[in-house]
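Same order as they appear, the protein sequences are chains A and B.
Residue 72 in the numbering used here sits at position 72 of the first sequence, with consecutive numbering throughout.
Residue 39 in the numbering used here sits at position 39 of the second sequence, with consecutive numbering throughout.
Among these hints, one or two may not hold up.
[Claimed, not checked] Straight-line Cα separation of at most 27 Å, BS3-like style, residue types lysine-lysine; simulated pairs: (1) Lys-60/B to Lys-92/A; (2) Lys-90/A to Lys-41/B; (3) Lys-93/A to Lys-60/B; (4) Lys-61/A to Lys-26/B; (5) Lys-81/A to Lys-61/B; (6) Lys-60/B to Lys-43/A; (7) Lys-84/A to Lys-60/B; (8) Lys-92/A to Lys-81/A; (9) Lys-77/A to Lys-67/A; (10) Lys-31/B to Lys-21/B; (11) Lys-36/B to Lys-26/B; (12) Lys-64/A to Lys-77/A; (13) Lys-69/A to Lys-84/A; (14) Lys-31/B to Lys-84/A; (15) Lys-41/B to Lys-84/A; (16) Lys-67/A to Lys-84/A; (17) Lys-81/A to Lys-60/B; (18) Lys-81/A to Lys-93/A; (19) Lys-64/A to Lys-43/A; (20) Lys-36/B to Lys-21/B; (21) Lys-77/A to Lys-61/A; (22) Lys-61/B to Lys-84/A; (23) Lys-93/A to Lys-26/B; (24) Lys-43/A to Lys-93/A; (25) Lys-41/B to Lys-31/B; (26) Lys-3/B to Lys-26/B; (27) Lys-92/A to Lys-9/B; (28) Lys-9/B to Lys-147/A; (29) Lys-64/A to Lys-41/B; (30) Lys-21/B to Lys-93/A; (31) Lys-69/A to Lys-41/B; (32) Lys-26/B to Lys-69/A; (33) Lys-9/B to Lys-61/A.
[As the list claims (entries may be wrong)] Pairwise CB distance ranges, derived in the manner of DEER restraints: (34) Phe-7/B to Phe-62/A: 55 to 65 Å; (35) Met-56/A to Thr-22/B: 38 to 48 Å; (36) Ser-39/A to Thr-54/B: 19 to 29 Å; (37) Gln-89/A to Thr-54/B: 47 to 57 Å; (38) Lys-31/B to Asp-37/A: 21 to 31 Å; (39) Gln-50/B to Tyr-31/A: 46 to 56 Å; (40) Leu-156/A to Glu-29/B: 45 to 55 Å.
The hints are simulated quantities; they were obtained by calculation from the structure and are not laboratory data.
Remember, predicted model here, so these are calculated numbers, not experimental data.
Even for Gly, the Cβ is constructed at its ideal location relative to N, Cα and C.
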Amino acid sequence: MQNNMTNTSKKKAVKKHHPKSNVHKENDPEYMIQISDPSMVRKDILESLREVIIFMQGYEKFTKIQKEKVTTIATLKEDVKGLKGLIEQKLKKYLPQGKLKSIVQSEETAPPDENRLIQTPTTPSPLPPRVGKELSGEIEQLESQLKDIESQLRTLG
Amino acid sequence: MEKMPVFVKVDEYDDVLALMKTIRHKLDEAKETLLKIHDLKNEEDHQLEQWQNTLEELEKKVEFIDHALSEPEQY
């Protein structure tokens, strides 16, 4: 009895010191697992690590490429803007205004309308007021210009 | 009547030609930039392909390790 008592008191004392570890040990007994080809497993782990690092390096490279692409796209946008400016502002000045057909017809039918018809292409279409962000305003401006050009093309046939 | 001839004054004609040259130059620049963007896109695609291959290799290795650890040989 005394032995039992002493044993239980010892167990209790032990439980007080490491209660969690004891429970853990009871639930999860230790296993010895044989790995048939440990060198191969080790090699695979190291290779996996190497590939993860290569992947991360690739990410850095990818980010760099993306940044460069964004910069190049901005350059292209500027180039196209410059082209648009050259064609719209400079080249248009050298060439006569469109709607010649309408002018000729108007000359035949109603001469007083001539001035109005000539002036219509020169006067730019009223742009929508800039609302909110600059980008949306730019898009609206482009849309209005596109509509204007399309209407001019329609008159040309 | 529909195809009316267009006349440009001679003194302005030189300017028009010069302007056309500038426009062509700008156009070439834009084409080069577009080619560069295309190359960068190809590089991106190549990189993505590499990632795909790397992940597939990684998956195989992890499967092998998992197999070796979770299904040990029994004697």
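Status of the hints after comparison with the structure:
1. The hinted pair formed by Lys-60/B and Lys-92/A fails the criterion: a straight-line CA distance of about 64 Å is larger than 27 Å.
2. A threshold of 27 Å between alpha carbons decides the hint, and for Lys-90/A with Lys-41/B the separation of about 34 Å lies outside it, so the pair is violated.
3. As the CA atoms of Lys-93/A and Lys-60/B are separated by approximately 67 Å, the hinted pair breaks the 27 Å bound.
4. For the hint pairing Lys-61/A with Lys-26/B, the CA-to-CA distance comes to about 30 Å; that exceeds 27 Å, so the pair is violated.
5. Between Lys-81/A and Lys-61/B, the direct Cα distance comes to roughly 52 Å. Violation of the 27 Å bound is thereby established for this hinted pair.
6. Distance check on the hinted pair: Lys-60/B and Lys-43/A sit about 13 Å apart at the alpha-carbon level, within 27 Å; holds.
7. Restraint check for Lys-84/A and Lys-60/B: not satisfied, since their Cα atoms lie roughly 54 Å apart, outside the 27 Å limit.
8. Straight-line distance between C-alpha atoms of Lys-92/A and Lys-81/A comes to about 15 Å, which keeps the hinted pair within the 27 Å bound.
9. For the given pair, Lys-77/A sits about 15 Å from Lys-67/A by alpha-carbon distance, which is consistent with the 27 Å threshold.
10. A C-alpha spacing of about 15 Å is found between Lys-31/B and Lys-21/B, which places the hinted pair at or below 27 Å, so the restraint holds.
11. For the suggested pair Lys-36/B and Lys-26/B, the alpha carbons sit about 15 Å apart, so the restraint of at most 27 Å is met.
12. This hinted pair checks out: Lys-64/A and Lys-77/A have alpha carbons roughly 20 Å apart, not beyond 27 Å.
13. Straight-line distance between C-alpha atoms of Lys-69/A and Lys-84/A comes to about 22 Å, which keeps the hinted pair within the 27 Å bound.
14. Under the criterion of a C-alpha separation no larger than 27 Å, the hint pairing Lys-31/B with Lys-84/A is consistent with the structure, at around 15 Å.
15. For the suggested pair Lys-41/B and Lys-84/A, the alpha carbons sit about 25 Å apart, so the restraint of at most 27 Å is met.
16. Proposed proximity of Lys-67/A and Lys-84/A is supported: the alpha carbons are some 26 Å apart, at most 27 Å.
17. Taken as a hint, the Lys-81/A and Lys-60/B pair is broken in the structure, with Cα atoms around 50 Å apart against an allowance of 27 Å.
18. Of the pairs offered as hints, the one joining Lys-81/A and Lys-93/A holds, with about 18 Å between alpha carbons and a cut-off of 27 Å not exceeded.
19. Taking the CA atoms of Lys-64/A and Lys-43/A, the gap is near 32 Å; set against the 27 Å cutoff, the hint is violated.
20. Proposed proximity of Lys-36/B and Lys-21/B is supported: the alpha carbons are some 23 Å apart, at most 27 Å.
21. Among the hinted pairs, Lys-77/A with Lys-61/A is consistent with the structure: their alpha-carbon atoms are about 24 Å apart, no more than 27 Å.
22. With a C-alpha separation of about 55 Å, the suggested pair Lys-61/B and Lys-84/A falls outside the 27 Å cut-off, and the hint is violated.
23. Taken as a hint, the Lys-93/A and Lys-26/B pair is honoured in the structure, with Cα atoms around 19 Å apart against an allowance of 27 Å.
24. Our distance criterion of 27 Å between C-alpha atoms is broken by Lys-43/A and Lys-93/A, whose separation comes to about 73 Å.
25. Note on Lys-41/B and Lys-31/B: the hinted pairing holds, with a Cα-Cα distance of about 15 Å set against a maximum of 27 Å.
26. Between the alpha carbons of Lys-3/B and Lys-26/B the distance comes to roughly 30 Å, so the proposed pair goes past 27 Å and is violated.
27. For a cut-off of 27 Å, the pair hint linking Lys-92/A to Lys-9/B stands: about 14 Å separates their Cα positions.
28. Between Lys-9/B and Lys-147/A the CA atoms are separated by roughly 31 Å; this puts the pair beyond 27 Å, and the hint is violated.
29. Of the supplied pair hints, the one linking Lys-64/A and Lys-41/B holds, its CA atoms being roughly 12 Å apart against a limit of 27 Å.
30. Taken as a hint, the Lys-21/B and Lys-93/A pair is honoured in the structure, with Cα atoms around 16 Å apart against an allowance of 27 Å.
31. Among the hinted pairs, Lys-69/A with Lys-41/B is consistent with the structure: their alpha-carbon atoms are about 8 Å apart, no more than 27 Å.
32. With a C-alpha separation of about 19 Å, the suggested pairing of Lys-26/B with Lys-69/A holds against the 27 Å cut-off.
33. Proximity of Lys-9/B to Lys-61/A is assessed by CA-CA distance (about 55 Å); at most 27 Å being required, the pair is judged violated.
34. The hinted range of 55 to 65 Å is satisfied by Phe-7/B and Phe-62/A, whose Cβ atoms lie roughly 56 Å apart.
35. Separated by about 46 Å at the C-beta atoms, Met-56/A and Thr-22/B satisfy the suggested range of 38 to 48 Å.
36. Taking 19 to 29 Å as the suggested C-beta distance range, the pair Ser-39/A and Thr-54/B conforms, at roughly 23 Å.
37. Evaluation of the 47 to 57 Å hint for Gln-89/A and Thr-54/B yields a pass: the beta carbon distance comes to about 51 Å.
38. Hint check: Lys-31/B to Asp-37/A, Cβ distance near 57 Å, so the stated range 21 to 31 Å is violated.
39. Distance hint check for Gln-50/B and Tyr-31/A: the Cβ-Cβ separation is about 39 Å, which falls outside the suggested range of 46 to 56 Å.
40. Checked against the hint of 45 to 55 Å, the pair Leu-156/A and Glu-29/B fails, with Cβ atoms roughly 30 Å apart.
When each numbered hint is compared with the structure, violations occur for hints 1, 2, 3, 4, 5, 7, 17, 19, 22, 24, 26, 28, 33, 38, 39, 40.
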